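Peer 1: Take a look at the letters that make up each chain.
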Amino acid sequence: MKIKTISRSSDSYVPVSNARESALPRNLNPELHPFERAREYTRALNATKLERVFAQPFVGTLGDGHRDGVYAFAKNFSSVNKVATASGDGIIKYWDITSRSETYSYKAHYGMCSGLIVTPNQKSMLSCGVDKTIKLWEISNDSDYNQNYNYTLNSDNSISNKGLLKTYLADFSLMSLDHHQSDDLFITAGLEINLWDINRNKPLSNLSWGADNITCVKFNKTETSIFASTGSDNSVILYDIRTNSPTQKIKTSMRNNSISWNPMEAYIFATANEDQNSYLWDMRYMDKSLNVFKGHVNAVMDIDFSPTGKEIVTGSYDKTLRIFDSNKGHSRDVYHTKRMQRIFITKFSMDSKYIFSGSDDGNIRIWRSHANERSGPKSSKKRSKEEYDEKLKERYADMPEIRRISRHRHLPGYIKTADHIKTEETQSLKRREDNRRNHSTPGSVPYIPERSKPVVGRVHKQ
Amino acid sequence: MSTRRVDFNSSVKGDQNGKKSHIPNKKRVKQIQQMEDDYEDALESAQKAEILLTEEQGFVEAEGMERTWKFKQDDIVKNVDISTAAKHFELKLKDYGPYTIDYSRNGRDLLIGGKKGHVASFDWRLGRLHTELHLGETVNAVKYLQNNQMFAVAQKKYVYIYDHEGTEIHKLSQHLDPTLLEFLPYHYLLVSAGKSGWIKYHDISTGEMVSQIRTKLGPTVSMRQNPWNAVIHAGHSNGQVTLWSPSMSTPLVKIQACNGPVRSLAVNRDGRYMAALGADKTLKIWDIRKFEELGSYRAPTQGNTVDISDTGLVSVGWGPHVTVWKDVFKFHQSDPYMSHLLPGSQVQTTRFVPFEDILGVGHNNGFSSLIIPGAGESNFDALEINPYETTKMRREGEVRMLMNKLKPDMISLDPNNIGTVDKRKPQERLNAREAAQREIEEKEKEEKSENFEQYIRPDSAPKDSALRKFKKKQRKNMITERSMRIEKAYEKENELRRQKEELENKIQQKKDELESAFDRFK
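Quick note, the sequences are listed as chains D and H, same order.
Basically my numbering = 1-based index in the first sequence + 4.
Basically my numbering = 1-based index in the second sequence + 58.
The hints are all genuine.
25 Å max Cα-Cα, derived DSS-like pairs, lysine-lysine: (1) K145/H to K6/D; (2) K463/H to K395/D; (3) K314/D to K84/H; (4) K465/H to K395/D; (5) K128/H to K6/D.
These are calculated hints, taken from the structure and not from any lab test.
Just so it is clear, the structure is predicted and the values come from calculations on it, not from any experiment.
Given only the sequences and the hints, what does the whole structure look like? Please build it.
Peer 2: The structure is reproduced here in structure tokens:
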């Protein structure tokens with residue numbers, strides 16, 4: 005008789021002491037894991053529900069905010085925890101995010117401060133206003149909180165209380181300004197577009213091409229000599245400072261309020277449009293937009309790419325923020341609070357984990373870019389659980405119940421009503437167009453793709 | 059899996075040949091490719107992980123003139139190691155038998171219930187008693203719930219739930235006259251059946267009755283769950299086995315498994331095979347994917363109980379005997395694998411211990427634990443069921459199981475149905491119940507259109523009857539509405555044929571008696 009039976013030694017499975025982890029042998033035989041699919045689905049469903057339970061996007065506000073509406077915002081591209089804001093009463097503030105308190109506050113302009121930027125050397129801020137001045141302010145990043153950062157740029161370490169360094173005088177009130185990524189150049193926009201050297205008192209050149217008034221200018225941070233502007237004549241114009249001239253111009257059906265360049269793909273940029281949509285453009289092929297971001301029910305006031313270039317945040321006159329995947333048409337999430345007024349500024353933080361919004365009510369709000377995410381150190385167990393849940397959600401995203409739960413958002417009544425009216429309107433327009441098409445010669449009323457609808461005309465500078 | 063790959067490959071190859079792929083989006087094609095690669099990697103790594111399985115399966119081999127089924131337990135005990143030998147024991151409990159038994163899911167604890175009211179729960183390896191109860195009432199069935207902390211007892215009138223200390227915590231008065239209990243661990247459903255002919259599903263985590271189904275087939279004689287898809291198999295006194303899901307009021311499948319009452323049932327781990335023990339002294343092996351009978355074994359007397367181990371051994375208890383069969387799902391066996399005699403007793407229940415080479419036998423005189431080499435799954439998965447779990451692990455596992463509790467609606471014949479693509483249009487999609495309803499309606503309509511009356515041809519030779527062909531074509535032993543209609547039509551045809559024959563042979567037919575009653579008006 006040859007015989008053998010299962011005889012496990014409990015020593016190998018039961019830990020010697022409570023402090024030790026016990027051995028966890030695995031057997032991947034599917035027969036030992038019944039209802040694999042159903043259990044996985046249940047887990048995905050639970051993960052989706054928990055995601056919604058923990059979705060608390062609002063983090064807080066910066067200090068006491070401003071007295072007036074916040075209309076300009078500057079990121080510090082070299083520091084995660086510093087930002088600057090400017091308001092309608094001409095006051096600019098430099099903030100420390102970690103403590104949510106202001107480091108500097110200057111009364112910069114009479115009337116509205118319309119543009120603000122932190123210079124790449126981090127030593128100063130540039131602001132412009134409707135009082136026809138551009139001012140250079142001294143700042144320092146030195147505080148208790150940035151001990152881990154690189155000090156080489158601020159080696160003198162003296163705490164600044166001098167404030168104003170320089171004033172430039174323009175001939176007209178200014179709407180926007182932006183600084184070159186590396187050189188000491190900046191551009192201002194108002195009636196004209198001017199290129200300035202930071203060390204000179206007069207502008208270097210005038211790059212205007214047609215528009216009455218320019219509302220926004222933005223340098224490309226990767227392809228550094230290119231910048232774009234939006235104007236009150238519904239135009240988007242691209243310029244090259246190497247040739248010192250504009251290169252091309254498109255006209256859209258309605259005015260664009262803001263521009264953001266994709267930080268990863270130099271030729272891609274997005275514009276926030278007055279027609280309640282935002283558009284993604286490829287500057288090489290401007291005859292149609294790459295993508296249309298729909299969802300807002302009022303003019304989109306500001307748009308910003310996340311540092312990875314994967315996501316876009318838009319702020320609208322309808323008092324909501326929306327976050328889009330840059331290759332999808334509908335928003336991933338929408339944020340709103342009861343007291344937040346019309347939004348003029350939205351920006352991603354430099355680590356893309358937070359979103360700042362500045363609104364008419366003078367507050368600068370901080371939001372999580374993923375509503376259910378929490379910062380702070382996580383154990384490896386928790387991290388792997390989160391990763392697993394993400395994968396599950398992705399896998400079962402199209403199951404009806406999961407889709408319903410993950411897409412559901414509570415929206416204020418006025419948005420719902422406006423959305424309803426908007427749907428009615430678009431449907432009636434569509435109906436009318438269909439009727440026209442049905443009652444005219446075939447081919448005479450062509451189908452126009454949604455992506456080419458905003459483009460009215462396109463000109464190249466010879 | 060293979061079909062999926064072939065499908066995808068063809069689309070990609072189509073691209074190389076210059077034809078257009080049916081997936082227009084390049085990004086999507088890449089994503090799908092990535093998914094396929096991940097899938098393949100997972101398969102490969104799962105195969106590689108087999109090296110990590112540490113334990114080996116048990117076996118017993120005969121040498122020379124020996125036969126495995128002639129080995130006595132005493133011989134086996136002498137030849138195995140001490141720790142296994144210690145697992146062979148007997149409990150002599152003459153006063154309260156016969157005993158029905160149940161092991162906890164990890165095989166560590168044993169619950170025995172004597173017909174005359176004796177219930178005991180204990181760690182059988184350490185011999186540590188958790189609780190012992192004398193209920194003073196008939197005990198028909200006992201069942202551990204999600205772990206050894208709670209168990210259900212089907213008593214004379216109701217089902218009761220006790221905790222590990224023996225405190226009665228619930229009386230489930232909705233379960234009347236229960237004789238059979240099952241627990242679906244992933245759905246947290248306690249299922250009872252019995253003399254009332256109802257199958258009742260009770261969610262023990264919320265305390266809600268999920269579903270009550272009338273079988274309409276008289277008292278339920280036997281019941282087991284299919285561990286692969288949580289479908290309940292119920293055996294009835296007319297030899298039928300019906301398959302139930304809580305969301306359906308009609309059985310999913312009816313099988314004519316035996317010719318007499320189905321005394322006991324068992325379904326194997328992967329849900330492919332069913333063993334049914336009939337009162338006609340046969341053990342039938344069924345393939346429940348094809349609904350086909352695979353084999354039939356006869357015993358000298360009626361069997362009482364059947365069970366299938368993780369490795370596919372089938373134990374049958376009949377009279378004082380316990381026989382264990384090996385490989386019955388593969389070939390017809392002439393000899394059993396092992397056998398054991400309990401002199402002067404009657405076997406009531408046999409159950410294999412999960413993850414052990416042990417068979418527990420509850421009988422009239424108590425309980426016996428037999429060593430059956432090769433019965434248990436040697437390599438357990440600690441994240442699924444862990445026989446060596448600590449208290450903390452048990453508690454965490456319980457919470458995890460509760461979090462991942464499956465909905466009762468998810469119980470269907472194909473457990474992997476969920477997450478697959480429904481290719482119908484959205485407006486055509488229905489939930490399971492509506493779909494079943496519609497299916498039944500459609501079937502009825504179809505059957506109505508398939509009028510078997512038209513095939514009745516009493517003038518032709520009986521061999522050429524179309525109905526006879528239909529009848530032959532029917533799957534053996536499957537009772538469907540169609541088969542019943544055919545049967546009816548066939549009988550009618552035979553009757554007509556007989557009448558015709560009688561007429562030809564000039565045999566006087568019986569006159570209608572009503573006719574004579576009207577004679578007086580002539």
